[in-house]
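Asker: Sequence:
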Amino acid sequence: MPTTMRRLAGPAVVSLLLVLLAVPGVLLATGVIERGATGSATGRAPAWDTADSQDWPADAVIYHVFVDRFADGDAPATQVAGSPADADYAAALTDWMGGDLAGLEARLDHVVATGANTLWLSPVNTGPAFHGYHPTDLLDVDPRFGDVEGLRRLIGSAQELGVRVIYDLVLNHTSDQHPWFLAAQADCAGSEYVDWYQFRDCPDSYAAFAGLDELPQLDLDHPPVRDFVFDEVLPFYLDDLGVDGFRLDHVEGPSRDFWRVFDTELDQGWPDTLVLGEVWSQLAVIESYGDVLDAATAFPLRDRLLATFARGGDVRAVAMPIAATLDRTGLPDTGPPRQQTYLSSHDQSRFAHEAGGDLDRVALAHAAILTLPGLPTIYYGDEVGMTQTDALPDGADFADRWFREPMPWDDEVWASWDDAHLARVAAFARARTTTPALHTGRYLEVVGEGDVWVFERVHDDDRLLVALNNGEVAVDLGDVLAAAGWPGAAELSDAEVVVPAGAAEAGTPDGAAGAVLLGPLDATILRLPTG
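Numbering (my numbering), first residue to last: 1 to 531.
Calculated from the structure, these hints are not laboratory results.
Label pairs and their computed distance ranges (CB to CB):
#  : residue 1 : residue 2 : range
1  : Ser281    : Ala75     : 39 to 45 Å
2  : Ala92     : Pro393    : 17 to 23 Å
3  : Asp86     : Gly162    : 35 to 41 Å
4  : Arg152    : Glu496    : 38 to 44 Å
5  : Ser83     : Arg256    : 42 to 48 Å
6  : Asp410    : Leu212    : 32 to 38 Å
7  : Glu472    : Asp95     : 39 to 45 Å
8  : Asp410    : Gly450    : 37 to 43 Å
9  : Glu472    : Arg153    : 45 to 51 Å
10 : His459    : Ala90     : 46 to 52 Å
11 : Phe236    : Asp347    : 24 to 30 Å
Being a predicted model, the structure only gives us computed values, none of them experimental. C-beta: ideal position from N, C-alpha, C; glycine also.
Go ahead and model the full structure; you've got the sequences and the hints to work with.
Answerer: Quick look at the structure:
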């Protein structure tokens, strides 16, 4: 059943995702949410308030690294071990493969080369699992990744290069190998840690994430557990290590009250901290987190990006909800980004795989998320054309192994590195981070149906025209704009090129646009004359 659109007092990027969530057939997954709201799950919309939101992520382009698969500091060319040619490759992907903090630090130059200016680190805490989501100590680093000093050094090195760091923080649960949990099970009558978890009948019956016995849920309403989080965990990451923000895993697990206190602690002690949350639920639930998160992952928008750019659908699947937001609400479409836009992730298939390996489609989709409102995120490897070796049905054991293959540094092992694709993605990413109109500008649709999507991003006197051709046939942009009756069509010949159509070189060269022929699966950014 479609969810009713609600009028919210806040930036249109918030309402955009709510429109997406209201479209029939779209998974109700997550929304754009901000600190300062007072929403509930009772049907009353929250009063979205931007006054308490952070300014620094407005220009952010996030690069998401899955540490165990990115780079091995002890290996030649930092290449993580494992190759599709290996007989045990599929099995190897379900275990540790050797990526570490030293390897990532050695490859920070590549992060910068992508055009990204923010690094999202997957968890590297001690624990039995290579992905880091089964922690046994939130205040330590697993020796297979390195050590605390290595993590501190990595963060400092990234920040020296102008790259902020957000850390993937797992608070909802621990591994069943955590000393606290083992102590509780060993002494149900006397251990203080029994109350740190949610036992129904100690030692064997307890609440667990997704019903998995190996992931017992903490009781984050228990005062000693809260004291640990607020007095030890937050100072460790924010003061000692110096991270710039958190990506919070499974926000729906802990209580609402816990997140309100968490938010208050950050506001009082570390007000510039970005809080990005994973919320995977119904719209009413998403709205109720509006007072504690700065941004949330845009799962439904990703579904529409797949349908449009990976599979060649009508651009209206993405463009229509944006236009509907402006037409129906009249809300301003500027302000801090509040939806994390992305194409691939550690939990979902590679976009290149969904696009049948067509890198022109992958580049075009990146151009879209890097020019639209939101908090754009590049998943490691997508920028060089990385796809999947195989795939398993949803729900199969370790189906996500194929979303987490090693970064292809070694050309002799991997043939998937494409320099032209990297240059194309990086050109749009650099334009995003350096051009206020792209990260805080108003969105104005010019054309948005069929194969062609053209829109303006406007900041003060700076007017950018973004054009995307999702078709297999070249189009003359001037003809498209004239046919649409756009009043600025005559200005096109005097426009300045920010990112050229069909660019294969790095950078964002300037020059006169002249006649703009937009090739198949192509995109461009033009700066329109002022005055």
